[in-house]
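> Residues per chain, in single letters:
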Amino acid sequence: MTNLVIVEHDNNEVGAATLHAVTAAQQIGGDIDLLVAGENCASVAEAAAKIAGVSSVKVADDAKFAHHMAENLASLIVEVATGYSHVLASATTFGKNVMPRAAALLDKAQISEIVEVKSPDTFVRPIYAGNALATVQSADTIKMITVRTIKFEPAASEGGSASIEAISGGVDAGLSSWVSQALSNNDQVDLTSAKIVVSGGRGMQSGDNFAMLHSVAAKLGAAVGASRAAVDSGFVPNELQVGQTGKVIAPDLYIAVGISGAIQHLAGMKESKVIVAINNDSEAPIFQVADYGLVADLFEAVPELDAAL
Amino acid sequence: MKILVCVKRVLDPQVKARVKADESGVDLANVKMTMNPFCENALEEALRLREAGVVEEIIVASVGGGKTEETLRHGLAMGADRAIQVVTEEMLEPLAIAKVLKQIAEQEGVGMVIAGKQAIDDDSNQTAQMLSALLGWSQATYCSQIKIDGDMATVTREVDAGLETIQVKMPAVMSADLRLNEPRYVKLPDVMKAKRKPMDKIELASLGLDTANRLTTLKVEEPEGRAAGVIVSSVSELVDKLRNEAKVI
Numbered sequence: 001m002t003n004l005v006i007v008e009h010d011n012n013e014v015g016a017a018t019l020h021a022v023t024a025a026q027q028i029g030g031d032i033d034l035l036v037a038g039e040n041c042a043s044v045a046e047a048a049a050k051i052a053g054v055s056s057v058k059v060a061d062d063a064k065f066a067h068h069m070a071e072n073l074a075s076l077i078v079e080v081a082t083g084y085s086h087v088l089a090s091a092t093t094f095g096k097n098v099m100p101r102a103a104a105l106l107d108k109a110q111i112s113e114i115v116e117v118k119s120p121d122t123f124v125r126p127i128y129a130g131n132a133l134a135t136v137q138s139a140d141t142i143k144m145i146t147v148r149t150i151k152f153e154p155a156a157s158e159g160g161s162a163s164i165e166a167i168s169g170g171v172d173a174g175l176s177s178w179v180s181q182a183l184s185n186n187d188q189v190d191l192t193s194a195k196i197v198v199s200g201g202r203g204m205q206s207g208d209n210f211a212m213l214h215s216v217a218a219k220l221g222a223a224v225g226a227s228r229a230a231v232d233s234g235f236v237p238n239e240l241q242v243g244q245t246g247k248v249i250a251p252d253l254y255i256a257v258g259i260s261g262a263i264q265h266l267a268g269m270k271e272s273k274v275i276v277a278i279n280n281d282s283e284a285p286i287f288q289v290a291d292y293g294l295v296a297d298l299f300e301a302v303p304e305l306d307a308a309l
Numbered sequence: 001m002k003i004l005v006c007v008k009r010v011l012d013p014q015v016k017a018r019v020k021a022d023e024s025g026v027d028l029a030n031v032k033m034t035m036n037p038f039c040e041n042a043l044e045e046a047l048r049l050r051e052a053g054v055v056e057e058i059i060v061a062s063v064g065g066g067k068t069e070e071t072l073r074h075g076l077a078m079g080a081d082r083a084i085q086v087v088t089e090e091m092l093e094p095l096a097i098a099k100v101l102k103q104i105a106e107q108e109g110v111g112m113v114i115a116g117k118q119a120i121d122d123d124s125n126q127t128a129q130m131l132s133a134l135l136g137w138s139q140a141t142y143c144s145q146i147k148i149d150g151d152m153a154t155v156t157r158e159v160d161a162g163l164e165t166i167q168v169k170m171p172a173v174m175s176a177d178l179r180l181n182e183p184r185y186v187k188l189p190d191v192m193k194a195k196r197k198p199m200d201k202i203e204l205a206s207l208g209l210d211t212a213n214r215l216t217t218l219k220v221e222e223p224e225g226r227a228a229g230v231i232v233s234s235v236s237e238l239v240d241k242l243r244n245e246a247k248v249i
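Chains as they are written, first to last, in this note's numbering: chain D, 1 to 309; chain E, 1 to 249.
In case anyone wonders, no lab produced these hints; they're calculated from the structure. Here the structure is a predicted model, which is why all the values come from computation and not from measurement. The beta carbon of each residue, even a glycine, is placed where N, CA and C say it ideally should be. Misleading hints may appear alongside valid ones.
To be verified - Straight line, CA to CA, 35 Å or less: simulated DSBU-like cross-link-like pairs of lysine-lysine:
(1) D:LYS270 <-> E:LYS197
(2) E:LYS195 <-> E:LYS67
(3) E:LYS99 <-> E:LYS247
(4) E:LYS197 <-> D:LYS273
(5) D:LYS118 <-> E:LYS197
(6) E:LYS241 <-> E:LYS99
Claimed, not checked - Derived list of chain E stretches under chain D, where covered just means 3 residues or more per stretch with a C-beta under 8 Å from a C-beta of chain D:
(7) 5-19
(8) 26-33
(9) 113-125
(10) 143-152
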C-alpha cells in the first residue's frame, strides 16, 4: 500500500486537520507521502516533512495553486495519484471541495468522511446524520477518501524526517479565480479544536445575546458555536454552525444553551465527552443526549453560570 | 439560458432513520420521503434566476425508481418548467449519478447546473463536484450567494473559516448551501398546475453508461447510544458536577 495525503494549508502552516488524515493513512498501512500544492509554500513543506511517519513530501509551488481552486488542484491530484493505492484528505470544506472532483476525473468512487479503518479496502462511514454507520468495501484500484477528523487522533507534528521533492504538473484551467475571504475573528478559540465549546440556539433570541455565551466561553477558554437555527436566524455567522452539514466536533465539554437538539445538530456534537444542556423545555430532545441537564430559563441560568466560574 | 436543477428523494429530515434488523440498510418502507432540503435551495435559486431574467427555462432532474416522480412533481409545483426522471430501481453512487447528469446536461444544452451541496441520507457531498469534473466546467460549491453577469459569476461560498468569494466562468456547476435562500412554500393551485407540466422518463439502461457501483455495503448498524444523564436542579449543582464529577472545568 502507498498512501498520498493532500495537505491542507494556508501557504504558511499545515492545517491541523491534515494530521488526523495522516493517522488514518497510518492505520491503512504502508508508505505515506504528502502533497503540498500552493504558492510560496516552502514553510508548509518543511513542517510537513517533520510529521511522524511520512516518507516524502511532494511540493508543487506554483501561482495556479495559490488559493487551492478545485479545477487546478484536482488536475494535479489526478497526475500524482497514479501509483498510489489510497489518496486521503481531511473532510473539511477544503477536502470535500476538491477530492470528489479528482475522484471523478480518475473514474473512482469517493468514500466520504470515514470514521474507522477496518482494513485497507473496508471503511466505516456515518450516514443519515450519524444515525447509522455503514461498513463499505471498495473495489477501486485507487481509494479516494476523506477523513472525519474527530475519529482519528492527530499524528505527531514533530519527529519525522521526510524527503522533500519539488514537482510540477497540473493545469491552470482558467475557470475560476479567488476574490476574497471574510475570516472569522482570529482572537477567538478555534471551534474544531477547542476542548470546551459553548453553543447557542434559537433560544438565544438575538445575536446580541450571544455576548453572554462569549463571556462564559472566555472564562473557560472555550470556543463559541451555534445551531443551524441560530445561523439561519442571522444571530451568528455560518462558520459557527455545528451539525450534520456544519462542523462536526468532539470537545471534552459541550454546553448547549437554548438548543432543542434537532437530529442534524446532534450529528455535529454527540461525540463530545461531556454534554450539558440548558433549556427551559424539559421535553427538548437535547436532554436525551445530555450528561447533565438543567431545565431553566437561559437568561437567568447563563449569567448565574458566568458568575459561578 | 437553460438551467438544470438536480434533486434527490430522501427520508424526511424530521424522521429518525431506523436501521433494519438484518443490518442491510436503513428502513425506508412506509416512512415519509421528501425532496432533499439542499435541493430545494438549489431549485429556489433557479426560480429566482428566472425571475431576474437570467434563466429562461428550468429543468428539474432526478435519478430513481417509481416514486421519484412525486419529488419531481414537487419541483414542478415549486415552479420548474419540466422534469426528467432517469428511471432505475438501483441505488446509484454519486459517480454514476454524475455520469447520468452529464449526459442530460449535454443533451439539453444547459448553461448551468445547480444541485444541493449534500444529500441528507448518504451524506456524501460529491455529486456536484463530480459532475463539474466530468463536464470540465467551473465548480462553485457551498454557495450562499450567486450573482451571474454574462459569462461570469461571482459566488460567495460557506467554508470552514467563514465566507470565501470566488469568480467562475460560465458554464458552471454550483452547489447550494442553506443560507443561499429560503425555499418558497407550494400552494395548492401550483400542485394542480404541476400535474400538467411535462415529465420525461428515460430508462437508465438506454443511456449506455457504466453506472456499476464501486462500493459494497457490508453492513449498516446503529451507533452506540449515550448513557442516560442526570437532571441537575441548579447552576451551582451543575458547576459542582462539572468540577468534581466530570472534572472537565
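> Are the Cα atoms of LYS270 of chain D and LYS197 of chain E separated by 35 Å or less?
violated, 44 Å
> Has the given pair, LYS197 of chain E with LYS273 of chain D, been kept, meaning a C-alpha gap of at most 35 Å?
violated, 52 Å
> If you look at each residue in the stretch 113-125 of chain E, do at least three have a Cβ nearer than 8 Å to any Cβ of chain D?
This one holds; 8 residues, not fewer than the three required, reach chain D with a Cβ under 8 Å.
> Hint check: LYS118 of chain D vs LYS197 of chain E, CA-CA at most 35 Å. Holds or violated?
violated, 49 Å
> Is LYS241 of chain E close enough to LYS99 of chain E, meaning Cα to Cα at most 35 Å?
violated, 55 Å
> Count the residues of the stretch 5-19 of chain E whose CB lies closer than 8 Å to any CB of chain D, then report whether that count reaches three.
holds (count 6)
> Between the stretch 26-33 of chain E and chain D, see if three or more residues pass the 8 Å beta-carbon test, and mark the coverage as holds or violated.
That given contact is violated, which follows from only 1 residues of the stretch 26-33 of chain E lying within Cβ reach (below 8 Å) of chain D.
> Are the Cα positions of LYS195 of chain E and LYS67 of chain E separated by 35 Å at most?
holds, 15 Å
> Between the stretch 143-152 of chain E and chain D, see if three or more residues pass the 8 Å beta-carbon test, and mark the coverage as holds or violated.
violated (count 1)
> Are the Cα atoms of LYS99 of chain E and LYS247 of chain E separated by 35 Å or less?
violated, 53 Å
Hints 1, 3, 4, 5, 6, 8 and 10 from the list above are not met by this structure, while the remaining hints are.
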